[in-house]
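Visitor: Spelled out, the chains give:
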Amino acid sequence: MPVRVQTEDFDVSAELAALRAGRAQVGAVACFVGTVRDINAGVGVSTMTLEHYPGMTERALEAIVTSARARWRLDDVLVVHRVGALRPLDQIVLVAVTSAHRGEAFAACEFVMDWLKTQAPFWKKEATPQGERWVDARESDDAAAARWGAGAVPNATQGPDGR
Amino acid sequence: MKVEVLYFAGLREAVGCAREALDLPADVVTAGALREHLRARGGAWTDALAEGRTLRVAVDQAIAAADTPLRDGAEVAFFPPVTGG
Chain S
0 MPVRVQTEDF DVSAELAALR AGRAQVGAVA CFVGTVRDIN AGVGVSTMTL EHYPGMTERA
60 LEAIVTSARA RWRLDDVLVV HRVGALRPLD QIVLVAVTSA HRGEAFAACE FVMDWLKTQA
120 PFWKKEATPQ GERWVDARES DDAAAARWGA GAVPNATQGP DGR
Chain F
0 MKVEVLYFAG LREAVGCARE ALDLPADVVT AGALREHLRA RGGAWTDALA EGRTLRVAVD
60 QAIAAADTPL RDGAEVAFFP PVTGG
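Residue numbers (numbering that gives the first Met the number 0), protein chains in the order written: chain S, 0 to 162; chain F, 0 to 84.
Source of the hints: derived by calculation from the structure; they are not laboratory data. Where hints are given, some of them may not hold.
Restraint-style ranges between C-beta atoms, simulated for each label pair [said to hold, decoys possible]:
(1) F/T45 with S/R72: 48 to 56 Å
(2) S/A145 with F/A25: 44 to 52 Å
(3) F/E3 with S/R101: 41 to 49 Å
(4) F/D71 with S/T65: 25 to 33 Å
(5) F/D26 with S/G102: 52 to 60 Å
The beta-carbon is built from N, C-alpha and C at its ideal position, and this holds for glycine as well.
All chains, please: the whole structure from these sequences, using the hints.
Guide: Take a look at the structure:
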C-alpha cells in the first residue's frame, strides 16, 4: 500500500509495472493521472505551487487507501502526489489500483481520488497574470466524495469545523 | 497546557506564522476554544479566524471538530479546505 509525497516527477509506466510485477492474480489495472492545466476559472496559470502538511498528508492518504481496500477486493493501491512548484502539462498526482477484475479497479480508483481531493491536506497556489491566488475548494468535490456515503473514510469531515 | 500550533496555505500567509508553541490558559481545552483564543489576538488573527471563515482543524494530525479536546503536547493545525489532486 505505497503512498508517496514527492517533489520529483513520476513515470507512470514504471510505476504500473512495479505495482503488478509478479502478481499473476491481477487482471485489471486502473489509473488516474492529474495534470496542471494552463487555465483555471478563465484565468491563465503559469505556475502552480503545492503545499502540504507533512505527516498528516501521508496518514490521510493511508486512511483513504485502507477504506478502499475494505470496500473492494483489491490487489494493491498506489498513490503518488507531487508538491512544490509545477507548470502547465506537469503531472500532479497518480492513483493506480490493481485487482482481479476491472469493476473494482475502476471504482476504487475513483473513490481514492474523490476522497483525496477533499481530505488530504494539500493546497494549490496559482501564479496568474493578475498575481498569485490560492485555489478555492469546490463544492462539486465535496459532492463527489459524499456520493460514496458519509463515513466512507473514518475520521473524515464533510463540513466546516473548528469554529 | 502546552501545544504546538501550525498554520497552512492562505491562513499561514494571512497571520504571518507557520508554527508556534503556546502555553494555553486553563479554560482553553478544545480545538474550538483555541480558535477563539487566537482570534482574540486582534488584527489579522481576528479576521483570518473569524467565525464566518471556513477552516479545518486537525489535532495530532487527524481531522478534528470544535469540541475535540486538546492534550498537553498536542499538535493542532488550522487550515483552509484542501485543494489537492
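Visitor: Give a verdict on every hint.
Guide: So, going through the hints one by one against the coordinates:
1. For the pair F/T45 and S/R72, the supplied restraint of 48 to 56 Å holds, since their beta-carbon distance comes to about 51 Å.
2. A hinted range of 44 to 52 Å for the beta carbons of S/A145 and F/A25 is inconsistent with their spacing of about 39 Å.
3. A hinted range of 41 to 49 Å holds for the C-beta pair F/E3 and S/R101, which are about 45 Å apart.
4. Between F/D71 and S/T65 the Cβ separation comes to about 29 Å, which falls inside the hinted range of 25 to 33 Å.
5. Take F/D26 and S/G102: their Cβ atoms lie about 53 Å apart, and the range 52 to 60 Å holds.
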